[in-house]
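A.B. asks: In case you want the letters, here they are:
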Amino acid sequence: MLVFALKRLGLVVLVTLTVSLLSFSLLFMSGDPASAIAGENASASDIEAIRTLYGFDRPFLVQYGDWLSGALRGDFGQSYYFKLPVSTLIADRLSVTMLLGVCGISFALLTAVPLGVVAAMRPNSFIDRAALFLSVMGQAMPSFWFGLVLIVIFSIQLNWLPPSGSSGWQNFIMPTVVLGYYAMPAIMRLTRAGMLEVLGADYIRTARAKGASEMRVMFKHALRNAIVPVVSLAAVQMGFMLGGSIVVESIFALHGAGYLAWESIARNDLPTVQALILIFSCFYIIFTFLSDLANAWLDPRIRVG
Amino acid sequence: MGTVSPAAEEIRAPSPAALLRRRIFGHYGLVFGITVLFIIILIALFAPLLAGHDPYSQDLLARMKPPFWMNGSDPDHILGTDHLGRDYLARLLYGARISLAIGFIAALISGLIGTAMGVAAGYFGGRVDLVVTFLINVRLAMPVVLVALAVVAILGGSLHVVVTVLGLLLWDRFAVVMRSSVLQVRDLEYVNAAKAIGCSTRRIILSEIMPNIVNNLIVVATLEMAHAILLEAALSFLGLGVQPPTPSWGLMISEGKQMMLFEPWLIAIPGIALFILVLAINLLGDGLRDVTAPENRG
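Residue numbers (our numbering), protein chains in the order written: chain A, 1 to 305; chain B, 1 to 298.
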């Protein structure tokens with residue numbers, strides 16, 4: 001187990017380094033970052049001054065090393081637009097995005113797992129068809145459009161929920177539903193497929209034969225085994241959702257890190273964008289790492305093979 | 001005498017092609033997906049003939065005409081006009097071209113990259129596999145929407161940039177699926193037989209392995225096409241994708257958002273179009289998987 005964990009950890013470090021290199025080189029994609037910051041009307045000497053001020057005249061790898069060692073200490077430099085340290089900006093906004101991510105994945109799990117279980121109990125029944133229908137709809141629905149439709153119905157027509165802002169818990173209801181519905185179909189399908197597979201196993205027949213109630217068979221015996229891949233999928237989905245929250249946050253004007261990403265991209269504030277890409281990537285990497293470890297712990301075949 | 005009785009006809013076992021045909025037509029989702037996608041492709045091809053209006057021409061005197069089911073609609077503009085007086089139906093029909101083009105080309109680019117990587121990893125194994133698996137991990141760790149938005153913002157939004165960026169980002173699933181598909185067939189007898197008679201690596205991959213995994217490739221291609229279409233719409237909606245006045249459905253929703261308070265149909269129409277197109281492509285992909293390779297259902 002320790003060898004497996006260490007191997008995985010090595011991979012995690014390598015992936016993180018590569019992602020950090022890629023997100024840092026974003027700054028140089030536009031060509032010359034100094035003239036981009038200086039703006040269109042800057043003179044050549046202004047551009048030179050900015051180049052030395054920001055240190056763009058140094059070799060690429062030196063700049064990268066500098067940025068990376070700062071990033072490791074939690075210092076991502078100054079934001080060009082907000083004139084604040086990037087780390088302060090992000091730290092202020094991250095809690096909203098984390099809360100949204102946790103709410104979203106909880107909503108997805110709480111709806112998808114029961115639906116998947118019920119669908120697997122009665123394959124091809126009405127409930128199974130309805131669950132399949134919901135998941136097919138969820139996969140085809142553009143989440144930004146779903147968000148707008150919810151705003152039109154629940155904020156404008158019914159006036160039940162605030163359309164935008166992040167002041168109270170009411171602001172989180174619609175974003176949670178949108179983000180959760182995005183993650184729901186995959187979780188539901190996996191739960192259903194896993195349950196169908198497990199329900200054919202011998203120990204389920206044994207449990208039924210010894211007279212365990214149907215509820216007990218389903219939740220105590222079957223779901224326990226079917227849920228393992230679902231948990232790791234949920235961890236991966238959580239990583240995706242944090243990265244994808246940019247769309248949802250911008251629709252509902254929820255002031256989280258995703259909204260900050262949108263603002264800084266629109267304003268060409270590259271230090272903030274770089275830092276956000278790296279942070280969202282790290283979340284994904286950490287979640288998948290933890291789910292790999294959990295899987296290996298639950299299923300010895302993974303860590304040996 | 002001489003004629004085969006109907007009963008004898010039924011006894012004869014159906015050919016594999018007939019069986020496949022029967023499975024395709026017995027799968028309602030697949031039939032629906034193919035039909036709807038075919039209709040949308042026809043609409044996109046013949047948009048100039050069907051639209052009756054130019055999607056770019058503005059008519060400020062005929063702004064915000066409601067669609068046909070509302071009071072005060074103009075029979076000349078069945079789906080009404082937008083805030084610049086452009087015919088909404090024409091923009092919707094031309095928008096199908098944008099979405100389909102983005103979907104096809106992005107899936108093509110990412111398909112080429114991902115298939116090359118996945119097949120190489122699966123066939124050669126060893127170090128090649130390690131490198132490809134590592135690259136897949138790196139790619140999966142990058143937040144797609146965020147990276148796509150940032151790159152498009154830096155390079156400037158245009159159809160070419162959006163398609164290229166999406167194509168360069170969406171290859172991960174191709175690589176994963178192609179790698180595992182090759183792993184499933186690479187040690188089978190017919191591949192070993194081809195090796196034994198001295199076929200070149202190129203020939204083994206192209207004519208022995210690829211034909212047997214191409215169904216998985218097509219399934220992934222349809223799903224990634226839908227993915228690319230949704231992402232383009234999201235990027236354009238956020239103002240960092242295809243730029244105005246291009247008739248992109250995402251852009252139409254974004255423009256309609258300003259007025260959705262009073263005119264919700266402005267976002268309903270392009271949104272439903274987007275939903276139907278993605279639904280059709282997804283049903284086609286799911287159906288193809290059910291029909292050709294049910295063991296890969298996930």
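Source of the hints: derived by calculation from the structure; they are not laboratory data.
A hint or two may mislead.
Quick partial rundown of chain A residues pointing at chain B, CB under 8 Å, derived from the structure [as the list claims (entries may be wrong)]: (1) Ala261; (2) Ala266; (3) Phe280.
Output of the computed footprint for chain A on chain B, the stretches with three or more beta carbons under 8 Å from beta carbons of chain A [what the hints assert, rightly or not]: (4) 160-171; (5) 197-203; (6) 279-286.
Ideal placement from N, C-alpha and C gives every residue a C-beta, glycine not left out.
A.B. asks: Could you work out which of the previously given hints the structure breaks and list their numbers from low to high?
C.D. replies: Of the numbered hints given earlier, those the structure breaks are 4, 5, listed in rising order.
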